[in-house]
Every structure is written in C-alpha cells, then in structure tokens.
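Chemist: Given chain H's structure and the hints, the job is docking chain C onto it.
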Amino acid sequence: MNIPYTVEIRPDTGLANGKLGIWLFLASEVMLFGALFSTYIILRNGAAEWPHGELSVPLGAINTVILISSSVTMVMAWASLKLNDWAKHRLYLIATFVLAALFLVNKYFEYSDHLAKGEGPWHSTFLAIYFTLTGLHGLHIVGGMIVMAYFIGPGAKLWKANADQFANRIEYTGLYWHFVDLVWIFLFPVLYLL
Amino acid sequence: MDNVSSHGTTAHGHVHEHPHEHAHEELGWWRKYVFSVDHKVIGIQYAITGLLFLLFGFCLMMIMRWQLAYPGRPIPLIGQWLGQARAPMGIMLPEFYNQLGAMHGTIMVFMGVVPLAVGGFGNFVLPLQIGAPDMAFPKINMASYWAYFLGGVTMLLSFFQRGGAAQSGWTSYPPLADIADGQTVWLIGMVFLITSSLLGSINFIVTTVQLRAKGLSWMRLPFFVWAQFVTSFLLLLAFPPLEAAAVLQLMDRLVGTSFFLPSGLVISGKPLAVAGGGNPVLWQHLFWFLAHPEVYVLILPAMGIVSEIIANNTRKPLWGYTAMVYSVVFIGFMSFVVWAHHMFMTGMGTTMSAFFQTTTMIISIPSVVILTALLLSLWGASIRFTTPMLFALAFLPMFGIGGLTGLPLGLAPSDIHLHDTYYVIGHFHYVVAPGTIFGLFAGVYYWFPKATGRKMNDLLGTLHFWTSFLCINLVFMPMFIEGLAGMNRRMYDGGMQYKYNASVLHWNVVQGYAAWGLGLAQIFFIVNFFMSIKWGKAVDRNPWEATTLEWSAPSPPGHGNFLTEPIVYRGPYEYSVPGAARDFSPQFEPEKA
Chain H
1 MNIPYTVEIR
11 PDTGLANGKL
21 GIWLFLASEV
31 MLFGALFSTY
41 IILRNGAAEW
51 PHGELSVPLG
61 AINTVILISS
71 SVTMVMAWAS
81 LKLNDWAKHR
91 LYLIATFVLA
101 ALFLVNKYFE
111 YSDHLAKGEG
121 PWHSTFLAIY
131 FTLTGLHGLH
141 IVGGMIVMAY
151 FIGPGAKLWK
161 ANADQFANRI
171 EYTGLYWHFV
181 DLVWIFLFPV
191 LYLL
Chain C
195 MDNVSSHGTT
205 AHGHVHEHPH
215 EHAHEELGWW
225 RKYVFSVDHK
235 VIGIQYAITG
245 LLFLLFGFCL
255 MMIMRWQLAY
265 PGRPIPLIGQ
275 WLGQARAPMG
285 IMLPEFYNQL
295 GAMHGTIMVF
305 MGVVPLAVGG
315 FGNFVLPLQI
325 GAPDMAFPKI
335 NMASYWAYFL
345 GGVTMLLSFF
355 QRGGAAQSGW
365 TSYPPLADIA
375 DGQTVWLIGM
385 VFLITSSLLG
395 SINFIVTTVQ
405 LRAKGLSWMR
415 LPFFVWAQFV
425 TSFLLLLAFP
435 PLEAAAVLQL
445 MDRLVGTSFF
455 LPSGLVISGK
465 PLAVAGGGNP
475 VLWQHLFWFL
485 AHPEVYVLIL
495 PAMGIVSEII
505 ANNTRKPLWG
515 YTAMVYSVVF
525 IGFMSFVVWA
535 HHMFMTGMGT
545 TMSAFFQTTT
555 MIISIPSVVI
565 LTALLLSLWG
575 ASIRFTTPML
585 FALAFLPMFG
595 IGGLTGLPLG
605 LAPSDIHLHD
615 TYYVIGHFHY
625 VVAPGTIFGL
635 FAGVYYWFPK
645 ATGRKMNDLL
655 GTLHFWTSFL
665 CINLVFMPMF
675 IEGLAGMNRR
685 MYDGGMQYKY
695 NASVLHWNVV
705 QGYAAWGLGL
715 AQIFFIVNFF
725 MSIKWGKAVD
735 RNPWEATTLE
745 WSAPSPPGHG
755 NFLTEPIVYR
765 GPYEYSVPGA
775 ARDFSPQFEP
785 EKA
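Same order as they appear, the protein sequences are chains H and C.
Residue numbering for the first sequence is 1 to 194, as defined by our numbering.
Residue numbering for the second sequence is 195 to 787, as defined by our numbering.
One or more hints might be untrue.
Said to hold, decoys possible - Computed far set for chain H versus chain C, every beta-carbon distance over 12 Å:
{"hint": "1", "residue": "R10"}
{"hint": "2", "residue": "A35"}
{"hint": "3", "residue": "L91"}
{"hint": "4", "residue": "A101"}
{"hint": "5", "residue": "V105"}
{"hint": "6", "residue": "G153"}
{"hint": "7", "residue": "N162"}
{"hint": "8", "residue": "A163"}
{"hint": "9", "residue": "F166"}
{"hint": "10", "residue": "L182"}
{"hint": "11", "residue": "P189"}
Stated by the list, open to error - Derived EDC-like pairs: lysine to aspartate or glutamate, alpha-carbon spacing no greater than 20 Å straight-line:
{"hint": "12", "chain 1": "H", "residue 1": "K88", "chain 2": "H", "residue 2": "D164"}
{"hint": "13", "chain 1": "C", "residue 1": "K408", "chain 2": "H", "residue 2": "E8"}
{"hint": "14", "chain 1": "C", "residue 1": "K408", "chain 2": "H", "residue 2": "D12"}
{"hint": "15", "chain 1": "C", "residue 1": "K728", "chain 2": "C", "residue 2": "D652"}
{"hint": "16", "chain 1": "H", "residue 1": "K160", "chain 2": "H", "residue 2": "E8"}
{"hint": "17", "chain 1": "C", "residue 1": "K333", "chain 2": "C", "residue 2": "E220"}
Hints are computed from structural coordinates only; laboratory data are not their basis.
Ideal placement from N, C-alpha and C gives every residue a C-beta, glycine not left out.
Looking at chain H on its own, in the form it has when it is part of the complex (with noise of 0.2 Å):
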C-alpha cells in the first residue's frame, strides 16, 4: 500500500507529506526554546545582579561562525543533488557532519573550562540556565549529526532507487539544520554579549 503525496506533491496544498511534517515539528522545537527563553528573561528579571564575562566570546563567535558557515554547506549539499551532482553532494555534507563535530569539539572545552573551575549548572542561576540552554541546543546538533551520518552511509543508497525522495529527505534535514543554526544566532548575544 502507496501513501500517497510522499514524494509528489499535493496539487491543491503544494506540499508533500514530509516538507509539512517537518515545518510542524520545527514549529514544535520553536515553542519548546521559545519557553526556555521566557525561562532565561523571567529569571533574569528576578535577579538581583546578573553576571557579566563569564563566558569566552571568541569561543562563541568562532561557533558562529562555524554554524552559519555549516548552513551553507547544507544548502550546497542539497542544491548539488539538485543538479544531479551526486560527489559535490557527498563533499558538501561531509563538510557539513564535520563542522557540526567541530563545534561540539569547541562547546567541550568551554564546558571543561567551567567544570574545572568547579563552575556547574548547580553554582549560580546564570549557569544554569546557560547549561541547559547550550546542552539542549548541543542534544539537536548530536541528533542532526547522526541524522547526516545515517544519509552519508546506509541512507544513501535511496539515491539510487528515488533520487526524487532522497533529495526531499535531504532538503528536510536541511531545514532541520538552518532551525538548529538559528537558535544558536539567538543564543550567542543572549548569553555571551548581553
């Protein structure tokens, strides 16, 4: 039995099932970092002092950087299949995985930095909500990663069988991943600058 619109798209809506699957669920991960935000200015507004230079600005702005410059490898990775450029597309999303690695490589050593310090979550209301914020945000680069390691290895086979499906998918973990991007161009100046 066929679902149908998987790959095809609905006239009358102009989407297939996926591109709307995925627009919700993103709507989704925007009301769950939405409330974790209103957590960051409740909390913040209810301090009596809130700390300043706690964290190393040109760590968070190299992960900036390496995010965004990530966004634009997944663009290409998708837009080379597009123009049915199948080893333009491997390169492009293998750069991609890798600077995903790259920034949890970066976060490891700011949260090692703090830890040493004895500097947990558990130490001060900035910290905290800087932790589960970061962490969070780390948890969705790791669930991208492997969803990008899933299309560089076994997932590519579909290529081959529905290039037409292999392409969607990868358009989605696009969106995905410009998502995942975005919340980090929010978390930057909210806790690094401000």
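Modeler: Chain C alone, transformed into the frame defined by chain H:
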C-alpha cells in the same frame, strides 16, 4: 504489495461476503497485531491501552474514596496486599494517599483520556473519515504508540521504587515537587508521553491536510475531523513548553540547579543547600501553558464524537455546522491565552488577573456556541435512542454543568473562595468524566461495528448507561456542596481535621458508595465489550445508516481501508434531504445513485 485496489469491487452499498479477507497483505502475527503500522490496529492498541489505564486510574480513586469515607479504617479486601510502606495493617498512610492522588490525575489525563480520545479514536476514525488509505507517516504512528506505552510502563513502575510514585499532585508544583520522592521517574515518564503526543499530532495534521479524498473540501469535513485537527495543533504547540519545564525540573532534581527554588528556602527547619534565585511561579506558568490547552485536548475530541452521533441519530444535519467549525478553531486560538486563570492566588497582580479573566470569559463563548448548536440540533428530530445516542445526549447537560461551574472559577474574586476546594474538583470532573468519558463511551459503542463487524449489545449498553449516569452524578454533584462549604482538596483524611467541614463530611460516604457503584457499573461495559467481539450481532458496512466516509469501507476495513478510491460528493451530514429516496445521503454516493 498493492493488492487493495486490485481487488476493487463495486463497493457502494454492496454486501460483499468477506471483503477484508481478500483486501490486506499477509503479515506475520507480530507485525500484524503488535508492531503494526496500520492506523486501525494502532488506534485499537491505543484505545485498549487507554481503557485499561482509565480502569486502573479509577481503581486508585476507589481506594482513595475508602480513605475519604472512613479515614483511618483498614482498607477491605486489598488493604493487606498494599505493603508496609503504603498501608501498614491495611490503614492508608498519608504519603500513599498523595501518591494515589498524583497518579490518578496523571494516569487519567495523560495515559487514559488523551490516548483514547486522540490516539484511539483519532487514529482509527480520522483517516477513514477523510478517505485516506492510512496516516501520512505510518512508522511514526507506530513509534508514537510505543513511546506512549513506554511512558505508561514507566509511570506504573514508579509505584515500586523506593519512596513510591510521584506525590506532588498531577500539577507537580515546586518547591515541593523539586524535593519530594518519586518525581524524577514521573518526569521521565512525562517526557515519553510528550514525545508520543508530538509525533502523533504532526501525523494527524499532515494526514488531514494532505490525504483528504477527492472532493473532500475543508467545509465538507465531518466535525470530528475538525475537532481532532484543532486538538492536534494544541498538542503540537502546548506540549513543548511542558517538556521544557520537565527538563528544568529534572535539572533541579538531578544536577542541583535552582530554576524553581527561590533563595532562602527552609525545609523541615533546615535551610536548603542550593544556589537559589529560582522562581516557583515560573513552573506554574510553563505547566498551565500546556495544561489549559490540555483541557481542550480532553474535551474537543469528545465534542467531535458527540456531534457525529447526534447528527446520525437525529437524522438531521447538524444545526450551525459552519458556526461550530469557526468556534472550534477560535477555541484553539484562545486556549493559548487563558492559562493564568489557574494562578489567581499566586499574587501575580491585578493587571494580569484582569487580563486572564477577560480572555477566560471570551473563550466560554465558542464553547457555548458549540453546545447550543448541538442542543438545537435535537429540535424537532425523531430521535433514535441507540446506546451511543444515550451517552451523547448525556454529554450535553453534563458538559454544560462542568462548563458553567467553571465561570465562577474564571473570575478572580469568586476564585479566591473556591480555589483549591472540592468545587474545583467537581467542576473539572464534570467536564472530563461525565462529559468527555461519556463522549468516549458513546464513540466506543458507535464505531465498535466498524472495528469488529459486530454491534455491541443494546440491553447491556442501556444498563451501563443508566447505572453510570446515576452513580457518576452522585460522586461529583456533592463536591460542589463540599467545595462551597470550604472543604479543601488533597486532604488524606477527607477534611475531618477541620471543624468547618463537619456539616458536609457525611457526603464522603455517599460519594464512596457512588464511586464503588460506578466501578460495578463498568462490568456491564467490560462484559459487553468482550462478548460482542465474539457473539455480537454481525453487521455490514453501514449499520447506523450514516453519511460519512468511514461507513463506505468494509467492517472491519482491511489494510489500506477502501476497496475503491473514495470520492466525496457532498457535505458530511445530509440526512433527510427532501426528495431523496432514503433519509440519509452519504458523502460517498454520487448525485444520481
């Protein structure tokens, strides 16, 4: 693979011997009944698991009702099996009472009603009603059931950990919930349940938008589909903030953060060794941001079911279908801006209170519109008093009582007196128990023939209805009296320790008997349910002479649902069309049939 359409017959109104036997592909037992991707099997899995959890949650309440009626007396029959940590010598400990209270709420809401209403009826009925072969993402559908199952098992196992299950109420307010036993496992269980709901809601929305049959435009959708559609948006957008809140509470409990713990907190005479700086009211905001829309998640599917049944049994179109659709969409929007009416007593200020009491009064309007439309649909009809119709008819006044008693709670001044009393319990139980659960029973009786090919017994159904109707009102009506007299909720001795309760204490005994009677009344249902699977009256596709698409599929439908691609020719409730040969004109029959 696709031997569904290849076995297409002249489907319409034609009694085929055993159409389903030809229709579905052959799968092994495990993939067919356990790890199935068929929306109907998943729907039935959801429904049966949900019904079992409803029964279990109700059993917890029957034990609590003993303690409330006869505080400190050993629990008969099962008291001796509960163990030293819960009920030494069969006498219930306050801690155990708290566990029962918290878990009763959690189980009934998150593991009983929502899985049955959305997971069960939504899964089984919605794709059939829109003429889809299955849900848009069958594997995600299976994953959402198993996430729910894991969440349910986690919650059940939490009773057996040291310190017992969660005991801070289903609302889990900190600071208590941050430090009380059992809460960690509760939070982990909730994360599973939330994941399940999120996956499910995405599936329902995509299915509704993408897989509607040819000719099924938005305003031809059955009202049930609209109700599920709006419900899915509520689940999708309201649950993530609770997930965030659950993560924060887990951080508080496991990592030692103080999101919800203010500075200078003293517990049992000792200052709590945490950084402080947190905000307990923050939890309430995040929790009620989910939990108020959740109220509509509980009620809207039941409204949808009741609408289907009322249209079918009055043999008339629903009165004001368009107004009902706009109302349900409006309810969806408004339900996101009423949450803080649960928090008038937190001292959040009069400006906030004024805002939220205004929005609360506004949201009551569309609810009243829907209820009024359903009532007016009865006008002048020659009603068929079938078993599902009895439950659907009872839904109207019961939900009416539940809704109208909510108004004094939505106004800040009267809420000050009523807050945290039995009045609140009476109010929301009228909405959810004789309201929603009666709606769900109506749905079970109504769609049972579609799922099994057999009808449930009407005599047992009628007995089930009248005994339940009587008992359930005797349980909940006295709560308004108790609450107005000032009796607080969540007291393990039933309010005995306060003198001012003396005049209403005797109601606890009445409610006890009524609750146990209600338990006995469900035996009619259980017997009927299992008996009818085997010996119920066999029926063909459309036993209720209904108009919506699910009745054009075989009973039970095979994998892939329809034998020929369904095409929709008209609106959902064209009953008693003047000039038509019969008193129902199904959506799936062309004009000159």
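Chemist: It remains to establish, for every hint, whether it holds in the given structure.
Modeler: Status of each hint after checking the structure:
The beta carbon of R10(H) sits about 5 Å from the closest Cβ of chain C, which is not more than 12 Å, so the claim that it is off the interface is violated. Not every Cβ of chain C is farther than 12 Å from the Cβ of A35(H); the closest lies at roughly 4 Å, contradicting the non-interface assignment. Consistency note on L91(H): stated as away from chain C, and its beta-carbon is indeed over 12 Å from all of that chain's, at 30 Å minimum. With a minimum CB-CB distance of about 24 Å to chain C, A101(H) clears the 12 Å threshold, and the non-interface call stands.
Remark: the non-interface label on V105(H) is consistent with the geometry, its nearest Cβ contact in chain C lying 23 Å away (cut-off 12 Å). With a least CB separation of 19 Å from chain C, G153(H) remains clear of the 12 Å interface cut-off, as annotated. At roughly 15 Å, the least C-beta separation between N162(H) and chain C is larger than 12 Å, which holds for a residue marked as non-interface. With 12 Å as the threshold on Cβ separation, the claim that A163(H) sits away from chain C holds: the shortest Cβ distance comes to roughly 21 Å.
The claim that F166(H) lies off the interface holds: its Cβ sits roughly 17 Å from the closest Cβ of chain C, which is beyond the 12 Å cut-off. At the 12 Å boundary, the C-beta of L182(H) stays outside the reach of chain C, the nearest C-beta of that chain being 16 Å off. Listed as outside the interface, P189(H) is consistent with that label: its C-beta sits roughly 20 Å from the nearest C-beta of chain C, beyond the 12 Å cut-off. Of the pairs offered as hints, the one joining K88(H) and D164(H) holds, with about 17 Å between alpha carbons and a cut-off of 20 Å not exceeded.
Of the pairs offered as hints, the one joining K408(C) and E8(H) holds, with about 16 Å between alpha carbons and a cut-off of 20 Å not exceeded. The hinted pair formed by K408(C) and D12(H) meets the criterion: a straight-line CA distance of about 11 Å does not exceed 20 Å. Taking the CA atoms of K728(C) and D652(C), the gap is about 15 Å. The hint holds against a cut of 20 Å. Straight-line distance between C-alpha atoms of K160(H) and E8(H) comes to about 17 Å, which keeps the hinted pair within the 20 Å bound.
For the hint linking K333(C) to E220(C), the alpha-carbon distance of about 18 Å falls within 20 Å, and the restraint holds.
Going down the numbered hints, you'll see the structure goes against 1, 2, while the others check out.
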